[in-house]
Amino acid sequence: MQTARPFTAFAMAFALALSTSGIVAAQTHAHDGSGEAPIEIMLNNGAKWQGDQNMITGMTAIHGTMAANLEAIHAGTLPADASKEIAADIQKQLDFMIENCVLEPKVDEQFHVILGEVMTGVSALEAGETETGAVTIVQALNAYGEHFEHPGWQAFN
Numbered sequence: 005m006q007t008a009r010p011f012t013a014f015a016m017a018f019a020l021a022l023s024t025s026g027i028v029a030a031q032t033h034a035h036d037g038s039g040e041a042p043i044e045i046m047l048n049n050g051a052k053w054q055g056d057q058n059m060i061t062g063m064t065a066i067h068g069t070m071a072a073n074l075e076a077i078h079a080g081t082l083p084a085d086a087s088k089e090i091a092a093d094i095q096k097q098l099d100f101m102i103e104n105c106v107l108e109p110k111v112d113e114q115f116h117v118i119l120g121e122v123m124t125g126v127s128a129l130e131a132g133e134t135e136t137g138a139v140t141i142v143q144a145l146n147a148y149g150e151h152f153e154h155p156g157w158q159a160f161n
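Whatever position you read off the sequence shown (first residue = 1), add 4 for my numbering.
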């Protein structure tokens with residue numbers, strides 16, 4: 005499907021631009037006591053945003069990947085090459101969600117803030133900055149859970 009590639013590149017660039025433009029947030033997560041930059045995302049008139057099954061599937065997979073590896077990351081026992089594998093697994097889910105995006109524009113706009121933060125975390129993981137990447141992704145996942153309907157979602161502490 006040739007039309008998906010230009011859209012995917014545009015969507016990724018848009019999400020990255022949002023994540024690096026100094027957006028300030030309503031939700032913060034200080035992981036290990038350090039002050040992280042907050043993520044800016046709004047509720048839908050006080051309610052959580054309604055996404056679609058593609059969003060739920062992708063975010064569930066990303067959450068599972070992080071949950072399976074956080075203990076080793078915190079303990080400093082994650083093998084060196086595992087950080088890149090985690091990044092690749094998460095990138096596959098990002099690609100899936102972007103390629104299959106059918107969200108309404110307002111929902112999509114808010115979700116792109118989350119995706120941008122996850123992409124920033126993936127870049128850190130790929131660069132070998134495991135703790136930084138993990139913190140960024142966990143922060144984004146927690147913000148996602150606070151702002152999007154997702155049955156059974158559990159925040160990271």
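Simulated from the structure, these hints should not be mistaken for laboratory data.
Accuracy of the hints is not assured; some may be wrong.
Subject to a maximum C-alpha distance of 30 angstroms in a straight line, what follows is the list of computed DSSO-like cross-link-like pairs (lysine-lysine) [claimed, not checked]:
id : residue 1 : residue 2
1  : K110      : K52
2  : K96       : K52
3  : K110      : K96
Note that the coordinates shown come from a computational prediction; the quantities given were computed from them, not determined experimentally.
Verification of the hints:
1. K110 x K52: holds, 12 angstroms
2. K96 x K52: Holds, because 26 angstroms separates the two Cα atoms, which is no more than 30 angstroms.
3. K110 x K96: Holds, because 24 angstroms separates the two Cα atoms, which is no more than 30 angstroms.
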